[in-house]
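So the protein sequences, as listed, match chains F and C.
For the first sequence, position 142 matches number 150 in this note's numbering, and the numbering has no gaps at all.
For the second sequence, position 64 matches number 795 in this note's numbering, and the numbering has no gaps at all.
Derived from the structure by calculation, the hints contain no laboratory data.
Heads up, some of the hints might be wrong.
[Said to hold, decoys possible] Cut-off 25 angstroms, straight-line C-alpha distance, at most; resulting in silico cross-link-like pairs (SDA-like, lysine to any residue):
hint	chain 1	residue 1	chain 2	residue 2
1	C	LYS755	F	GLY150
2	F	LYS79	C	LEU737
3	F	LYS127	F	SER90
4	C	LYS739	F	MET30
5	F	LYS79	C	LYS739
6	C	LYS739	F	LYS157
7	C	LYS755	C	PHE823
8	F	LYS157	F	ALA119
9	C	LYS739	F	ALA56
10	C	LYS739	F	ALA28
11	F	LYS79	C	GLU736
12	C	LYS739	F	GLY150
13	C	LYS755	F	SER33
14	C	LYS739	F	LEU70
15	C	LYS739	F	LYS127
16	C	LYS739	F	MET120
17	C	LYS739	F	ALA146
18	C	LYS755	F	LEU66
19	C	LYS755	F	ARG17
20	F	LYS157	F	MET120
21	F	LYS79	C	SER742
[Unchecked claim] Pairwise CB distance ranges, derived in the manner of DEER restraints:
hint	chain 1	residue 1	chain 2	residue 2	range
22	F	ALA119	C	MET732	27 to 33 angstroms
23	F	ARG18	C	PRO750	39 to 45 angstroms
24	C	ARG889	F	ASP16	34 to 40 angstroms
[Unchecked claim] A few chain C residues that face chain F, going by a derived Cβ cut-off under 10 angstroms, partial list only:
hint	residue
25	ASN733
26	LEU737
27	SER743
28	SER746
29	LEU753
30	VAL759
31	ALA762
32	LEU782
33	ALA786
34	PRO815
35	ALA884
36	ARG889
Remember, it's a predicted structure, so these values are computed and weren't measured experimentally.
Glycine is no exception: its CB is placed at the ideal position from the N, C-alpha and C atoms.
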Amino acid sequence: MGRSFGGDRRAHEELLRLLAPMLRSYFGWRVRVAAEEVEDLVQEALIAIHTRRTTYDLSRPLLPWVYAIAKHKLIDYFRRTSAAPMKEELHDCDAIVEFEGACAARMDISAMLESLPEKQRLAIEATRIRGDTISDVAAAHGWTESDVKVSVHRGLKTLAARFGGAKA
Amino acid sequence: MNTDELIKRLSSDVSPVSPWALEKRMLVGGASGVFVSAAIVILWLGFRPDLETAAITSAFLIKMAYTGALAVCAIAASVHLMRPDARPAVWFVLPAIPVVLLGALAMTELAGAPREAWGSLALGHGVAACIVSISIISVPVFFGLLAAARRLAPTRLRAAGAAIGFASGSLAAGLYALHCIESSASFIFLWYSLAIALAAAVGAIVAPPFLRW
Numbered sequence: 009m010g011r012s013f014g015g016d017r018r019a020h021e022e023l024l025r026l027l028a029p030m031l032r033s034y035f036g037w038r039v040r041v042a043a044e045e046v047e048d049l050v051q052e053a054l055i056a057i058h059t060r061r062t063t064y065d066l067s068r069p070l071l072p073w074v075y076a077i078a079k080h081k082l083i084d085y086f087r088r089t090s091a092a093p094m095k096e097e098l099h100d101c102d103a104i105v106e107f108e109g110a111c112a113a114r115m116d117i118s119a120m121l122e123s124l125p126e127k128q129r130l131a132i133e134a135t136r137i138r139g140d141t142i143s144d145v146a147a148a149h150g151w152t153e154s155d156v157k158v159s160v161h162r163g164l165k166t167l168a169a170r171f172g173g174a175k176a
Numbered sequence: 732m733n734t735d736e737l738i739k740r741l742s743s744d745v746s747p748v749s750p751w752a753l754e755k756r757m758l759v760g761g762a763s764g765v766f767v768s769a770a771i772v773i774l775w776l777g778f779r780p781d782l783e784t785a786a787i788t789s790a791f792l793i794k795m796a797y798t799g800a801l802a803v804c805a806i807a808a809s810v811h812l813m814r815p816d817a818r819p820a821v822w823f824v825l826p827a828i829p830v831v832l833l834g835a836l837a838m839t840e841l842a843g844a845p846r847e848a849w850g851s852l853a854l855g856h857g858v859a860a861c862i863v864s865i866s867i868i869s870v871p872v873f874f875g876l877l878a879a880a881r882r883l884a885p886t887r888l889r890a891a892g893a894a895i896g897f898a899s900g901s902l903a904a905g906l907y908a909l910h911c912i913e914s915s916a917s918f919i920f921l922w923y924s925l926a927i928a929l930a931a932a933v934g935a936i937v938a939p940p941f942l943r944w
């Protein structure tokens, strides 16, 4: 998105291509109608993502923004067709949205971690995401414990500096 | 049209997005509204005749500080609500601070005055003129902000409408203060606040159909 903000057409096209299947499954799970109608919703969401991209804040993760737009389009669809979903279904929807939010956050995190040196990435993933103990990690990779601690610390520091304002 | 073609077509027109693009858009909308509203104040109401000497009195400064503080919070809240993934933010509760402060000031003012003076302190020279004028002055600002908001992506339409109304009411009250000769804190607290709240309520009711996308 950063590059499409700069006016890079190819990056923008790539991004939309990447988002289309995600939107397709998002709507497909929630609307039990013909595939063409789901495709219409996907296109509407893509158009909104394109024309309203100024509302994306580059410092925040991308997918919650994308899904907020998709959800808005979905609610609009229900309003239009008055095919109000059953209460339970909405409840399911919310659970799925939460799950997706968590997945999305995870994807953003792994994208951030990709930018770190291998060792720091592994150390952070193991201790901060999977919750392994420092001694386990040290043993698994044949590093010393202080080595692991230093890697985690440096990695987090780099991330905090790079994704400004984020609390490490 | 299939989705592939759509993506190609959308990608053929990717104008760069400058940093702060959203804020700039709201600023342009709000500023053009303020421009028209200021013209209304100047041409229709006129500045208060003693503006030069009054401008340094505490009553005038209180009006400016009060409406200015509310306007800042309301504009920040409006901008915040223009993003689809907006969450409740600190800007929604911050306006309580100036309201409470001015309320306390109005209380002490009334407490220090004889009971017979309370009526004139609270009601001033006319309540209706104040509320009607502020409401009228707020209209151009409201439409300016609304026009900007239509090209953005609010998903909480009622909250966004209220925030826009609140912003236009506060800015209009600030402009009206250039004309208004009332000088008691009680008057400002009661009627400026009411007029601003009214603008916010109207915004919440009127704006949502225009904000749909």
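Structure-based check of all given hints:
1. C:LYS755 x F:GLY150: Violated. LYS755 of chain C to GLY150 of chain F sits at ~53 angstroms, over the 25 angstroms cutoff.
2. F:LYS79 x C:LEU737: holds, 20 angstroms
3. F:LYS127 x F:SER90: violated, 53 angstroms
4. C:LYS739 x F:MET30: holds, 18 angstroms
5. F:LYS79 x C:LYS739: holds, 24 angstroms
6. C:LYS739 x F:LYS157: Between LYS739 of chain C and LYS157 of chain F the Cα gap is close to 47 angstroms, so the pair fails against 25 angstroms, i.e. violated.
7. C:LYS755 x C:PHE823: Distance ~21 angstroms between LYS755 of chain C and PHE823 of chain C Cα, so the pair holds.
8. F:LYS157 x F:ALA119: At roughly 22 angstroms apart (the allowed maximum being 25 angstroms), ALA119 of chain F and LYS157 of chain F satisfy the hint.
9. C:LYS739 x F:ALA56: holds, 15 angstroms
10. C:LYS739 x F:ALA28: Holds: LYS739 of chain C and ALA28 of chain F sit about 12 angstroms apart, inside 25 angstroms.
11. F:LYS79 x C:GLU736: holds, 24 angstroms
12. C:LYS739 x F:GLY150: Cα-Cα ~50 angstroms, so violated.
13. C:LYS755 x F:SER33: With a Cα-Cα distance of about 35 angstroms, the restraint between LYS755 of chain C and SER33 of chain F is violated, given a limit of 25 angstroms.
14. C:LYS739 x F:LEU70: holds, 21 angstroms
15. C:LYS739 x F:LYS127: Violated: LYS739 of chain C and LYS127 of chain F sit about 40 angstroms apart, past 25 angstroms.
16. C:LYS739 x F:MET120: violated, 28 angstroms
17. C:LYS739 x F:ALA146: violated, 49 angstroms
18. C:LYS755 x F:LEU66: Roughly 16 angstroms between the alpha carbons, so the hint for LYS755 of chain C and LEU66 of chain F holds.
19. C:LYS755 x F:ARG17: Judged against 25 angstroms, a Cα distance of about 23 angstroms means the pair holds.
20. F:LYS157 x F:MET120: holds, 19 angstroms
21. F:LYS79 x C:SER742: holds, 23 angstroms
22. F:ALA119 x C:MET732: 27 to 33 angstroms: holds, 31 angstroms
23. F:ARG18 x C:PRO750: 39 to 45 angstroms: With Cβ atoms ~22 angstroms apart, the hint is violated.
24. C:ARG889 x F:ASP16: 34 to 40 angstroms: For ASP16 of chain F against ARG889 of chain C, whose Cβ atoms are near 37 angstroms apart, the range 34 to 40 angstroms holds.
25. ASN733: holds, 8 angstroms
26. LEU737: Result: holds, 5 angstroms to nearest chain F Cβ.
27. SER743: holds, 7 angstroms
28. SER746: holds, 6 angstroms
29. LEU753: holds, 5 angstroms
30. VAL759: violated, 12 angstroms
31. ALA762: ALA762 of chain C check fails; min Cβ-Cβ to chain F is 18 angstroms, beyond 10 angstroms.
32. LEU782: Given a least distance of 39 angstroms, the restraint on LEU782 of chain C is violated.
33. ALA786: violated, 38 angstroms
34. PRO815: Hint holds; PRO815 of chain C Cβ to chain F Cβ min 4 angstroms, cut 10 angstroms.
35. ALA884: Holds. Min distance 4 angstroms.
36. ARG889: violated, 13 angstroms
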